[in-house]
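K.L.:
Here the structure of chain L is known, so what remains is to put chain X in place on it, guided by the hints.
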Amino acid sequence: MASDAGQQHPLGIYYKVWGLLFVVSLFSYLVDYFQVEGAMRWTLVLIFMVIKAGFIIAIFMHVVWERMALVFTILGPPVVLLLLIGFMAVEGNYTEEARFTYMGHDRDAVALTPSDLHGGGHGEEEAH
Amino acid sequence: MSEAAVADKAAHGMKGMVDDWSADKQAYHVPWGKAMMWLFLVSDTFIFTCFLVGYLNVRMTTTDPWPLQSEIFALSFGGDPIPLILIAIMTFVLITSSGTMAMAVNYGYRKDKNTTFWLICATALFGAMFVGMQVFEWSKLIFDEGVRPWGNPFGAAQFGSIFFMVTGFHGLHVSIGVIYLLWVALRVKRGYYDDKGYEIVEIAGLYWHFVDLVWVFIFAFFYLL
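Sequences listed follow chains L and X, in order. With this note's numbering as the guide, the letters of the first sequence map in order to residues 1 to 128. With this note's numbering as the guide, the letters of the second sequence map in order to residues 1001 to 1225.
Here chain L stands alone, though its shape is the one from the complex (with noise of 0.2 Å):
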């Protein structure tokens, strides 16, 4: 596909990309808006990212019409970052876990909103 006029593809491609970027970006925002909660929630966020990290590198970035020789640089050493994902993941659940049981923080604990501070239908006059 590559020639030395460098990337050049279909318009089409890229119109349809955009559109599927507008559509999935907007279904995410939906999980937020219909406060889907729990495992749901964690499942469609992760695969809405996906499916639009995986059009921009594959056709806007042009990843998917280069060389192999390319495409394992740039997609090869990124994967050792999944180990230290993990790690510190693992890592991060025992720091958690000694906190509650032997250090008596509370788990039970509630976050405020901006709501409870400053009452009701709050910040309309800084917001406009």
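Hints listed in this document are in silico derivations from the structure and should not be mistaken for laboratory results. Incorrect hints may appear among the rest.
Said to hold, decoys possible - In silico lysine to any residue, SDA-like type, Cα no more than 20 Å apart, as pairs: (1) X:K1113 with X:M1129; (2) X:K1009 with L:Q8; (3) X:K1034 with L:M68.
P.N.:
Coordinates of chain X only, in the frame set by chain L:
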């Protein structure tokens, strides 16, 4: 024989990769600027991942409740606050800019200088809009809500430090990208790339799409989860 002609004759797929790396010759059949941009982006991936992994660890270990992003980033247009609406608009602005950038790359290779110029300018404009909204978001959190890097009235103190560090570093990337794009746009208009070739638009585009890509992850992990 030109580099591109060599690349066209060479084997593809796995065999192509082995050939490219095992022979005593150039491994990447792309302009050097593009290879260097990719290496920079890979290194930048590591930086942003370190930030997000730091966030993951801090969020897991803190026993204070994590502030509810949905409500903190809500915005009211006269009526009841709409949850997370500002961030949603910022996301759409950045995606729009990604689309105009992809088209700029396309028109650049057609040597349509005028269209390329305006498409890059549109991209930079959307980028500037994004940064403007981020300034609004920051000032709202700092002045109205009293969020600081060392604490906030809602819950876990780390919320502020993660917020300012991650969105700040991303905003810095967008700001630098806007300047970079305007610089490339001016040179396109002046015909600076007529002889050199229009790969530079694609290279600038790679940077811009990367900034959008990072936002995809920040949007998911920091704002939605």
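K.L.:
Determine for every hint whether it applies to the structure shown.
P.N.:
Results of checking the hints against the structure:
no.	hint	in the structure
1	X:K1113 with X:M1129	violated, 24 Å
2	X:K1009 with L:Q8	holds, 19 Å
3	X:K1034 with L:M68	holds, 15 Å
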